[in-house]
Amino acid sequence: MPKPEILDPQGKAVLGALPRLGFSGVTDVRQGKRFELEVDGEITAEVLEQVRQMAATLLSNPVIEDFTVAIETVPAAVSVVDPAESRS
Amino acid sequence: MKVGVVTFPGSLDDVDAQRAVRVAGHEALALWHGDHDLRGVDAVILPGGFSYGDYLRCGAISRFSPVMTEVVEAAGRGMPVLGICNGFQILCESHLLPGALIRNDHRRFVCRDQRLRIEDTDTPWTAAYAPGAEITVPLKNGEGGFVADAETLDRIEGEGRVVARYLDGNPNGSLRDIAGVTNERGNVVGLMPHPEHAVEDLTGPGTDGLGFFVSLAERVLA
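Those protein sequence lines, which keep their order, are chains A and B. Each residue of the first sequence is one higher than the one before, counting from 52 in the numbering used here. Each residue of the second sequence is one higher than the one before, counting from 142 in the numbering used here.
If we strip away everything but chain B, and leave its shape as in the complex, we get (with noise of 0.2 Å):
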């Protein structure tokens, strides 16, 4: 499959996510935020960052470049996009997905690995998981504080839309300890923690992270 990688100005985990991307068996496209075009891709990843120096607030500014006009349009049709990090702060703000990311509860940036739980295994990101399954990888915030109102979170809660949850203690404030939401038709998946960090045993705290990228394959080709 031909995976799209969008690099906006401030954009940081983009070469690890195309990385992740082949480690996965998959070919990787970069795509440009300025460009009107996703070059054929099957799938976008929209990487983690600080995409325009997070100014104004986290996504708002990328969510306007042109690259998004063509990723709405994608994502409505049922392409699979996955928002990291900065990315969900982007899909959020673009009203791809419920809620918003604020600043940490606490404060401080946050940077270590995390536990999480796998809960919704029905996305194309995360077809290759066992529902349930607990998975290790790095987390790296200061506005990963997942919010919505209550009636947001009971229906996205309700709806199994909960993607992944934080374990062993909530690192940011986050409602419900969630960590990654999907949208109503499942395609679209943001995630605070960054998968991407971890496909490979030399760098970071395992392979955990390498089933976002493997379930693409699985999902789509089935």
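Only chain A is shown next, with the shape it has when bound in the complex (with noise of 0.2 Å):
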């Protein structure tokens, strides 16, 4: 997210328009990115510092923007139907 501090012409434009559409209410607005990282196995301490470390090195710059890291488990794999018996 960008730090408080730090103008966000862009959530300026969403709070500009809300109001357009009928929607009331909301005093201020700051966009951000969501990048979901998918990894292989179990999420230890260290593969959690080094996604962190992804975070403060590429993903995000810290002059500008903070971040947080939040891990969420996959939905167990949607089966996959086989083709062949599907159309027995």
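Hints are not guaranteed to be accurate.
Stated by the list, open to error - The calculated DSSO-like cross-link candidates involving lysine-lysine, where the alpha carbons are at most 30 Å apart (straight line), are: (1) A:K84 <-> B:K281; (2) A:K54 <-> B:K281; (3) A:K84 <-> A:K63; (4) A:K84 <-> A:K54; (5) A:K63 <-> B:K281; (6) B:K143 <-> B:K281.
It should be emphasised that the hints constitute simulated quantities derived from the structure, not laboratory data.
Join the two chains, each given in its own frame, into one complex according to the hints.
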């Protein structure tokens, strides 16, 4: 997310568009980015630290952005139906 | 002098920068982003454009290209480095220069002849200008708003590291009207407007930009 003190022109544009669509009561909008990284195996402390380093070096610019890292479990893979079987 | 101009995928102004270097009486060498080699140049220019499509953030991916490892190393040794527009963004992402460049506050791309005041003439890129010189060069950017925290802004102003400031209106929301800055040592300069587009009377608003390229000889050979 852009740091609170950094102007966010895109968020401002969204804030300006909401009342035009009839939405009221929103006092501020900040626009950020979300990256979803899929990793092999278990998320150990070491893996998590590596992801934090990725966030600090490439994914974000610490001069103007803050970031948080959160773990989400991918839902169990949807089983693929074998086309040959489904025809029978 | 041999001046290297780096071409990244998406660079637009590399050929203009090479031409400006030659008009100023130097030899221009094309450098490639994928090479770990500065080919023995005496100075480096990172030109304008949209390197790597401005994906992620402007300059964020270019910063990690092989040639930038060499540029960062050479800058540390004192080699003159000039980043123009996208090149300025790359230098900020590389942490060779303070601050960052964000989307223009008015959210529109701006393209116009821009008046500037050259405030720091103690760099290898501005030594040819008189202190306080007012020049006009093209400006064209969508993400040219220079930002940094107040402490950093106070420090670079206090140390006289504001190379150029916008005159006659701030075109992009840059804090304190800052158009260009330099590093502590003064060898690395980033500038949002384009002096390389103002080196010949045939095109552009005049030849006010030529000083950036002429300065090299005055300073380095002095």
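Can you list which hints this structure breaks, lowest number first? none
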